[in-house]
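K.L.:
Okay, here's what each chain looks like letter by letter:
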Amino acid sequence: MAFDIYDFTSLTSSIHEGLATFLPPVGVLIAEWLLVGISVLLFVAVFGLILVYLERKVCALFQQRLGPMRVGKWGLLQTIADFIKLLMKELITPNKADKFLYNLAPFIVIIVTFMAIAAIPFAKGLQAIDFDIGVLYVSSVSSLGVIGVLLAGWSSNNKYSLIGAMRSGAQIISYELSVGMSLITMIILAGSMQISEIIQAQSTGWFIFTGHIPAVIAFIVFLIAGTAETNRGPFDLAEAESELTAGFHTEYSGIKFAFFFLAEYVNLFIVSAMATVLFLGGWMPFHVGSLDGFNAVMDFIPPIFWFFGKVMFVIFLIMWFKWTFPRLRIDQILTLEWKYLLPVNLLNILLMTLIVLMGWHF
Amino acid sequence: MTTTTLDFDTIKTQEYLVNMGPQHPSTHGVLRLVLKLEGEIVHNVDPVVGYIHSGIEKMCESLTYPQIPHLTDRMDYLSAHMNNEAVALCVENALQIEVPDRVKVIRTIMDELQRLASHQLWWCVMGMDMGALTTFFYGLRDRELILDIFEETCGARLTLNYSTPGGVMFDIHPNFQKRVKDFVKYFRAKLPEYNQLLSGNVIFRERTIGIGYLSKEDAIAWGVTGPSGRASGFACDVRKHHPYSAYDRVSFNEILRTEGDTYARYQARVDEMAESLDIIEQLIDNIPQGDHQVKMKGVIKLPEGEYYQRVETARGELGVFIVSDGKKNPYRVKFRSPGFSNLAALNHMSKGAKIADLVAIMSTLDLVIPDIDR
Amino acid sequence: MKAIFHYVNDIIKGLSTLVSGMAVTGHYFFRPKLITTQQYPENRSTLKMKERFRGEVIMPHDTNNHHRCTGCGICEMNCPNGSIEIITKMIETPEGKKKKVIDKHIYHLGMCTLCNLCIKACPTGAIVMGQNFEHAVWDRSKLTKVLNQPGSEIMTEVKE
Chain Z
1 MAFDIYDFTS LTSSIHEGLA TFLPPVGVLI AEWLLVGISV LLFVAVFGLI LVYLERKVCA
61 LFQQRLGPMR VGKWGLLQTI ADFIKLLMKE LITPNKADKF LYNLAPFIVI IVTFMAIAAI
121 PFAKGLQAID FDIGVLYVSS VSSLGVIGVL LAGWSSNNKY SLIGAMRSGA QIISYELSVG
181 MSLITMIILA GSMQISEIIQ AQSTGWFIFT GHIPAVIAFI VFLIAGTAET NRGPFDLAEA
241 ESELTAGFHT EYSGIKFAFF FLAEYVNLFI VSAMATVLFL GGWMPFHVGS LDGFNAVMDF
301 IPPIFWFFGK VMFVIFLIMW FKWTFPRLRI DQILTLEWKY LLPVNLLNIL LMTLIVLMGW
361 HF
Chain Y
1001 MTTTTLDFDT IKTQEYLVNM GPQHPSTHGV LRLVLKLEGE IVHNVDPVVG YIHSGIEKMC
1061 ESLTYPQIPH LTDRMDYLSA HMNNEAVALC VENALQIEVP DRVKVIRTIM DELQRLASHQ
1121 LWWCVMGMDM GALTTFFYGL RDRELILDIF EETCGARLTL NYSTPGGVMF DIHPNFQKRV
1181 KDFVKYFRAK LPEYNQLLSG NVIFRERTIG IGYLSKEDAI AWGVTGPSGR ASGFACDVRK
1241 HHPYSAYDRV SFNEILRTEG DTYARYQARV DEMAESLDII EQLIDNIPQG DHQVKMKGVI
1301 KLPEGEYYQR VETARGELGV FIVSDGKKNP YRVKFRSPGF SNLAALNHMS KGAKIADLVA
1361 IMSTLDLVIP DIDR
Chain E
2001 MKAIFHYVND IIKGLSTLVS GMAVTGHYFF RPKLITTQQY PENRSTLKMK ERFRGEVIMP
2061 HDTNNHHRCT GCGICEMNCP NGSIEIITKM IETPEGKKKK VIDKHIYHLG MCTLCNLCIK
2121 ACPTGAIVMG QNFEHAVWDR SKLTKVLNQP GSEIMTEVKE
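As you go down the protein sequences, you meet chains Z, Y and E in turn.
For the first sequence, my numbering assigns the number 1 to the initial residue and increments by one for each residue that follows.
For the second sequence, my numbering assigns the number 1001 to the initial residue and increments by one for each residue that follows.
For the third sequence, my numbering assigns the number 2001 to the initial residue and increments by one for each residue that follows.
Hints in this document: simulated from the structure, not taken from any laboratory.
Even glycine gets a Cβ: it sits at the ideal position worked out from N, Cα and C.
Worth double-checking, as some hints may not be accurate.
Facing chain Y, according to a computed beta carbon distance under 7 Å, are these residues of chain Z, among others [said to hold, decoys possible]:
1) Phe-62
2) Gln-63
3) Lys-99
4) Lys-159
5) Ser-196
6) Gln-200
7) Glu-241
DSSO-like, lysine-lysine: derived pairs with alpha carbons at most 27 Å apart [to be verified]:
8) Z:Lys-96 x Y:Lys-1036
9) Y:Lys-1181 x E:Lys-2048
10) Y:Lys-1181 x E:Lys-2050
11) Y:Lys-1190 x E:Lys-2050
12) Z:Lys-85 x Z:Lys-99
13) E:Lys-2100 x Y:Lys-1297
14) E:Lys-2033 x Y:Lys-1181
15) E:Lys-2120 x Y:Lys-1301
16) Y:Lys-1185 x E:Lys-2048
17) E:Lys-2120 x Y:Lys-1058
18) Z:Lys-159 x Y:Lys-1351
19) Y:Lys-1190 x E:Lys-2033
20) E:Lys-2033 x Z:Lys-73
21) Z:Lys-96 x Y:Lys-1012
22) Y:Lys-1178 x E:Lys-2033
23) Y:Lys-1185 x E:Lys-2050
24) E:Lys-2145 x E:Lys-2120
25) Y:Lys-1012 x Z:Lys-159
26) Z:Lys-57 x E:Lys-2033
27) E:Lys-2120 x Y:Lys-1328
28) Y:Lys-1297 x E:Lys-2002
29) Y:Lys-1185 x E:Lys-2033
30) Y:Lys-1295 x Y:Lys-1327
31) Y:Lys-1295 x E:Lys-2048
The task is simple: from the sequences and hints, build the whole structure.
P.N.:
This is the structure:
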């Protein structure tokens, strides 16, 4: 089995050939589905736990605290302990809740995140499906999550949950627009919607540098809208602890609550990964013009570390927002979208088109 | 072919009730608000008080005068020293005792430290109510230094029981002056941070400016005192208009604003923190020598009559009304607590606001629930 | 035109206030030395309360198991919530005189508000405030304490 940390294509193709030697073509397909499914599941569980731990440590450092310190060295086992606690807790269903929808909602939310992860390129050749409309696929799939949130809020038979869900609906549907627009801006520059091609187009320079002004504006807009789409502070109105106690997931407990919790963090990862792919060159290393020695050193770092490094940077930025800013009000969130982000985005698309047509980008 | 038309008369929207509290993160204790909502818009707020009623006024009737202050600690626990002082002043006035200058100055410094600690806690909780969780830790970090000063001099951090009729419980600790000076220097440097994090922040300003308007006339009519009243232009600072302790010998500004909205109430308190630092600075180097306690009789008996004393706590005007029938216990004690009157104006201020605004308005009223329920 | 200028100005001003807020939190993020958290049970050996800290009422005894309490009951009278009960007994002194001494100084920690009035009132300085603050017990009957140790006597120098 050929294993190359710089290019996973040989690994995946050798698995494929290995399976083909003793399985019929249908069997190979099913086996590969299972393999991919299990890896995505494992990735979501492990990465979700790591992100929860990181969030707690990062927010502690912002707040001059230590964060979890008791379970394991520096509290490293804290999230695992929390996870075990959540697994063992009783699953409570409110008396007059719509039981079917109530139980369905967390699964919708978590399945949607699995679907979106399928199109994320972790490194060269390490991508489950490389659609030719990959960007469109991710943005459309991730917007399905709001259905789960709405169902959860409605079926809980709780007024706080309902208010939270309605807020979330209005907010996510609005911000979907801005996310899409800033994606379009970058697609114009890339000239393709296929994720692997977008990354390949950035081998000479990341889009945030080659696309200069409109790319930077699109990046800021994407960060704001992406934060809003993941329901994180300062846009966490759907949960809004001080107003709605816990918003749409007030009534959920145990592992069902854990699904919502995990989905929030995996969505955070997806948004950061999309920002990385579109603006920061995906798994492409950082190159500076003709400094060959420097570029060689950068090339030596495997792409998968580049990818996760950039994703972590974007996640850190989004966490920084959350732990600094007060929450917006529902009408202000919509004002920000429709009166500020949308016009800016439309103008930005025009600017980007002009730049691409005139060849003013690098 | 029949055309179906939507009959809009059959589609009805209706107000709905939401119980906010008694267990709710932003009611700061066991306060219950019955909200009448239409979507997000608040039509009516009906505060239900009494969940933490502890009968302090009634209990005072069976206590002697030196014992009363320790119960008042538990009323408005963030202004514990002002509460102690109110009772102490009331008893001293009734007995016509003049306390030494040293006591007056110490009490004034303690008052202002307590006001700072209270406002810091209010500031950080205000940030948390608005969703900025980090402010909570910055406010508590600074408040901790004041609590350390209290612990060193008074022996307790929250329930001080420091002012007693006739003086203060202990003389100040030898480290007191140095520590207070260090703190004033430290906190002056930290105040701009407060402004950077909340006062200047565009989200915070958008959420507070023009929200929860209370006019001067309404503030007077509802009896809204303290920084909340002064933000509406109601000049009600007891320290300025009816000076007690050493307030007549310090110069400070009464923070008056005219906007009367949530941001004005916020800014009034932040400005008051700077004023408190000024007052402390004027007094800390000039603590006169003398006794910390007047020699009192073993059993204090107030002459028959009615006595009233008011002080400015961090929340507003606290009045202590004692009816004495000449025995060692008071016949009746009544506290006019600022929180109760301030809460009364909540419905008036938050009509037509959104749920998020209601939380912000409630936060700027700086409610302490035991102060309301007593 | 003016409206557009205001619009752009609003955005830039708003963003700059957000960045200045992030600068404050970022300042602390990159200075972990400023962390103020104390790890409580671990720092027990170095944790020292201030000398006036009011933790609980205690009665100091010297090496000969002598205390300063005369059993006068002034602390009991001054206590606002009945946390102190004084039980006295009559003994016969070697000179043959009958004398009232303390039998049990019962202190209900569970009821005490640590107001310091008993200590202030004590004429002989027999009781003081202790520094211990770890009062949690499994059974509330353990919160009722007898302050004078068994077999202890009053110091001879304490005047009646």
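K.L.:
Now tell me if each hint is right for this structure.
P.N.:
Structure-based check of all given hints:
no., hint, verdict
1, Phe-62, "holds, 5 Å"
2, Gln-63, "holds, 4 Å"
3, Lys-99, "violated, 23 Å"
4, Lys-159, "holds, 5 Å"
5, Ser-196, "violated, 39 Å"
6, Gln-200, "violated, 39 Å"
7, Glu-241, "holds, 6 Å"
8, Z:Lys-96 x Y:Lys-1036, "holds, 22 Å"
9, Y:Lys-1181 x E:Lys-2048, "holds, 23 Å"
10, Y:Lys-1181 x E:Lys-2050, "holds, 19 Å"
11, Y:Lys-1190 x E:Lys-2050, "holds, 26 Å"
12, Z:Lys-85 x Z:Lys-99, "holds, 24 Å"
13, E:Lys-2100 x Y:Lys-1297, "holds, 26 Å"
14, E:Lys-2033 x Y:Lys-1181, "holds, 24 Å"
15, E:Lys-2120 x Y:Lys-1301, "holds, 19 Å"
16, Y:Lys-1185 x E:Lys-2048, "holds, 25 Å"
17, E:Lys-2120 x Y:Lys-1058, "holds, 25 Å"
18, Z:Lys-159 x Y:Lys-1351, "holds, 20 Å"
19, Y:Lys-1190 x E:Lys-2033, "holds, 17 Å"
20, E:Lys-2033 x Z:Lys-73, "holds, 19 Å"
21, Z:Lys-96 x Y:Lys-1012, "holds, 23 Å"
22, Y:Lys-1178 x E:Lys-2033, "holds, 24 Å"
23, Y:Lys-1185 x E:Lys-2050, "holds, 22 Å"
24, E:Lys-2145 x E:Lys-2120, "holds, 20 Å"
25, Y:Lys-1012 x Z:Lys-159, "holds, 18 Å"
26, Z:Lys-57 x E:Lys-2033, "holds, 15 Å"
27, E:Lys-2120 x Y:Lys-1328, "holds, 19 Å"
28, Y:Lys-1297 x E:Lys-2002, "violated, 76 Å"
29, Y:Lys-1185 x E:Lys-2033, "holds, 20 Å"
30, Y:Lys-1295 x Y:Lys-1327, "holds, 20 Å"
31, Y:Lys-1295 x E:Lys-2048, "violated, 33 Å"
Consistency note: the structure conflicts with the earlier hints numbered 3, 5, 6, 28 and 31.
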